[in-house]
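Asker: So the chains spell out like this:
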Amino acid sequence: GDSVTQMEGPVTLSEEAFLTINCTYTATGYPSLFWYVQYPGEGLQLLLKATKADDKGSNKGFEATYRKETTSFHLEKGSVQVSDSAVYFCALSESGGSNYKLTFGKGTLLTVNP
Amino acid sequence: GAGVSQTPSNKVTEKGKYVELRCDPISGHTALYWYRQSLGQGPEFLIYFQGTGAADDSGLPNDRFFAVRPEGSVSTLKIQRTERGDSAVYLCASSKGGSSYNSPLHFGNGTRLTVT
Chain A
1 GDSVTQMEGP VTLSEEAFLT INCTYTATGY PSLFWYVQYP GEGLQLLLKA
51 TKADDKGSNK GFEATYRKET TSFHLEKGSV QVSDSAVYFC ALSESGGSNY
101 KLTFGKGTLL TVNP
Chain B
115 GAGVSQTPSN KVTEKGKYVE LRCDPISGHT ALYWYRQSLG QGPEFLIYFQ
165 GTGAADDSGL PNDRFFAVRP EGSVSTLKIQ RTERGDSAVY LCASSKGGSS
215 YNSPLHFGNG TRLTVT
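Protein sequence lines, in the order shown, are assigned to chains A and B.
For the first sequence, this note's numbering assigns the number 1 to the initial residue and increments by one for each residue that follows.
For the second sequence, this note's numbering assigns the number 115 to the initial residue and increments by one for each residue that follows.
If you're looking for bench data, these hints aren't it; they were derived computationally from the structure.
Just so you know, these numbers come straight off a predicted model, no measurement behind them.
Be careful, since some hints might not be right.
Below, a list of computed lysine to any residue pairs in the SDA-like style, where the Cα atoms sit at most 25 Å apart [what the hints assert, rightly or not]:
{"no.": "1", "chain 1": "B", "residue 1": "Lys129", "chain 2": "B", "residue 2": "Pro175"}
{"no.": "2", "chain 1": "A", "residue 1": "Lys106", "chain 2": "B", "residue 2": "Arg183"}
{"no.": "3", "chain 1": "A", "residue 1": "Lys106", "chain 2": "A", "residue 2": "Leu13"}
{"no.": "4", "chain 1": "B", "residue 1": "Lys210", "chain 2": "A", "residue 2": "Gly96"}
{"no.": "5", "chain 1": "B", "residue 1": "Lys210", "chain 2": "B", "residue 2": "Asn176"}
{"no.": "6", "chain 1": "A", "residue 1": "Lys101", "chain 2": "A", "residue 2": "Thr71"}
{"no.": "7", "chain 1": "A", "residue 1": "Lys60", "chain 2": "A", "residue 2": "Leu48"}
{"no.": "8", "chain 1": "A", "residue 1": "Lys60", "chain 2": "B", "residue 2": "Leu153"}
{"no.": "9", "chain 1": "A", "residue 1": "Lys56", "chain 2": "B", "residue 2": "Phe179"}
{"no.": "10", "chain 1": "B", "residue 1": "Lys210", "chain 2": "A", "residue 2": "Ser95"}
{"no.": "11", "chain 1": "A", "residue 1": "Lys101", "chain 2": "B", "residue 2": "Lys129"}
{"no.": "12", "chain 1": "A", "residue 1": "Lys106", "chain 2": "B", "residue 2": "Tyr215"}
Across the chosen pairs, the derived CB separations fall in these ranges [claimed, not checked]:
{"no.": "13", "chain 1": "B", "residue 1": "Val182", "chain 2": "A", "residue 2": "Gly97", "range": "30 to 38 Å"}
{"no.": "14", "chain 1": "A", "residue 1": "Ala17", "chain 2": "B", "residue 2": "Lys129", "range": "42 to 50 Å"}
{"no.": "15", "chain 1": "A", "residue 1": "Thr71", "chain 2": "B", "residue 2": "Glu134", "range": "37 to 45 Å"}
{"no.": "16", "chain 1": "B", "residue 1": "Thr230", "chain 2": "A", "residue 2": "Glu42", "range": "21 to 29 Å"}
{"no.": "17", "chain 1": "A", "residue 1": "Gly96", "chain 2": "B", "residue 2": "Thr166", "range": "23 to 31 Å"}
{"no.": "18", "chain 1": "B", "residue 1": "Val182", "chain 2": "A", "residue 2": "Gly1", "range": "22 to 30 Å"}
{"no.": "19", "chain 1": "B", "residue 1": "Gln155", "chain 2": "A", "residue 2": "Thr71", "range": "16 to 24 Å"}
{"no.": "20", "chain 1": "A", "residue 1": "Glu69", "chain 2": "B", "residue 2": "Lys129", "range": "29 to 37 Å"}
{"no.": "21", "chain 1": "B", "residue 1": "Glu134", "chain 2": "A", "residue 2": "Lys68", "range": "37 to 45 Å"}
{"no.": "22", "chain 1": "A", "residue 1": "Asn59", "chain 2": "B", "residue 2": "Lys210", "range": "13 to 21 Å"}
To give a feel for the contact side, a few chain A residues facing chain B, derived at Cβ under 10 Å [unchecked claim]:
{"no.": "23", "residue": "Phe18"}
{"no.": "24", "residue": "Tyr25"}
{"no.": "25", "residue": "Thr26"}
{"no.": "26", "residue": "Ala27"}
{"no.": "27", "residue": "Thr28"}
{"no.": "28", "residue": "Ser32"}
{"no.": "29", "residue": "Phe34"}
{"no.": "30", "residue": "Gln38"}
{"no.": "31", "residue": "Gly43"}
{"no.": "32", "residue": "Leu46"}
{"no.": "33", "residue": "Phe89"}
{"no.": "34", "residue": "Ser93"}
{"no.": "35", "residue": "Ser98"}
{"no.": "36", "residue": "Leu102"}
{"no.": "37", "residue": "Lys106"}
{"no.": "38", "residue": "Thr111"}
All C-beta atoms, glycine included, are put in the ideal place defined by N, C-alpha and C.
Generate the whole structure from the sequences, applying the supplied hints.
Answerer: Listed below in structure tokens is the structure:
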């Protein structure tokens with residue numbers, strides 16, 4: 001079945017550091033790919049998404065590019081802030097009849113120190 | 115506007131007891147989802163409603179778990195004869211329906227269930 005593998009956490013960075021959180025996936029067909037974020041005390045919310053090869057999703061300074069050749073969707077940000085401290089989840093959905101269903105990775109806890 | 119509301123936020127119950135977890139979706143959202151997040155894991159799909167009917171309940175782990183959405187709005191997840199392994203955060207989400215790409219899911223804060 002479909003699966004998502006995320007970089008093990010936790011990740012601790014200083015403010016303004018560069019962030020990469022790795023994500024690879026296994027799926028049949030052409031899944032859509034997502035990053036969701038969970039800030040402390042809040043529900044999961046969509047951060048960015050991409051639906052086909054070489055698409056780049058971006059939001060709030062975060063970016064991720066859909067790489068079909070390496071089955072990856074790594075999350076990057078050039079300069080993190082303390083307010084980016086959260087748990088980040090990579091996820092996919094199938095392209096077929098079950099495209100409403102998300103398969104998540106285990107999540108990566110990011111802590112940004114001032 | 116109001117987001118997805120889940121009650122209670124925390125529930126502690128004894129092994130063998132029955133529990134109900136409630137979800138109030140965003141008004142106008144026809145699709146509703148339940149996910150379960152165990153410690154150290156990502157959310158796992160349980161069930162999907164489109165309107166009043168369960169369109170996909172393939173993620174329910176066994177017949178102790180059941181969910182309803184009688185009027186196409188509020189949903190209740192019901193767990194019978196709870197076991198310690200049921201301890202997890204139960205997440206509810208809603209959307210306008212269709213693919214998760216075109217209709218992003220909006221998640222509630224979850225109900226943390228602890229079975230002692």
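Asker: Does each hint hold? Answer for all of them.
Answerer: Now the hints, each set against the structure:
| no. | hint | verdict |
| --- | --- | --- |
| 1 | Lys129(B) to Pro175(B) | holds (17 Å) |
| 2 | Lys106(A) to Arg183(B) | violated (29 Å) |
| 3 | Lys106(A) to Leu13(A) | holds (20 Å) |
| 4 | Lys210(B) to Gly96(A) | holds (18 Å) |
| 5 | Lys210(B) to Asn176(B) | violated (28 Å) |
| 6 | Lys101(A) to Thr71(A) | holds (19 Å) |
| 7 | Lys60(A) to Leu48(A) | holds (9 Å) |
| 8 | Lys60(A) to Leu153(B) | violated (28 Å) |
| 9 | Lys56(A) to Phe179(B) | violated (39 Å) |
| 10 | Lys210(B) to Ser95(A) | holds (18 Å) |
| 11 | Lys101(A) to Lys129(B) | violated (30 Å) |
| 12 | Lys106(A) to Tyr215(B) | holds (20 Å) |
| 13 | Val182(B) to Gly97(A): 30 to 38 Å | violated (23 Å) |
| 14 | Ala17(A) to Lys129(B): 42 to 50 Å | holds (46 Å) |
| 15 | Thr71(A) to Glu134(B): 37 to 45 Å | holds (40 Å) |
| 16 | Thr230(B) to Glu42(A): 21 to 29 Å | holds (27 Å) |
| 17 | Gly96(A) to Thr166(B): 23 to 31 Å | holds (24 Å) |
| 18 | Val182(B) to Gly1(A): 22 to 30 Å | holds (27 Å) |
| 19 | Gln155(B) to Thr71(A): 16 to 24 Å | holds (21 Å) |
| 20 | Glu69(A) to Lys129(B): 29 to 37 Å | violated (49 Å) |
| 21 | Glu134(B) to Lys68(A): 37 to 45 Å | holds (43 Å) |
| 22 | Asn59(A) to Lys210(B): 13 to 21 Å | holds (19 Å) |
| 23 | Phe18 | violated (24 Å) |
| 24 | Tyr25 | violated (12 Å) |
| 25 | Thr26 | violated (14 Å) |
| 26 | Ala27 | violated (14 Å) |
| 27 | Thr28 | violated (16 Å) |
| 28 | Ser32 | holds (4 Å) |
| 29 | Phe34 | holds (7 Å) |
| 30 | Gln38 | holds (8 Å) |
| 31 | Gly43 | holds (4 Å) |
| 32 | Leu46 | holds (5 Å) |
| 33 | Phe89 | holds (5 Å) |
| 34 | Ser93 | holds (4 Å) |
| 35 | Ser98 | holds (7 Å) |
| 36 | Leu102 | holds (6 Å) |
| 37 | Lys106 | holds (5 Å) |
| 38 | Thr111 | violated (17 Å) |
Checked against the numbered hints given earlier, this structure breaks hints 2, 5, 8, 9, 11, 13, 20, 23, 24, 25, 26, 27, 38; the rest are met.
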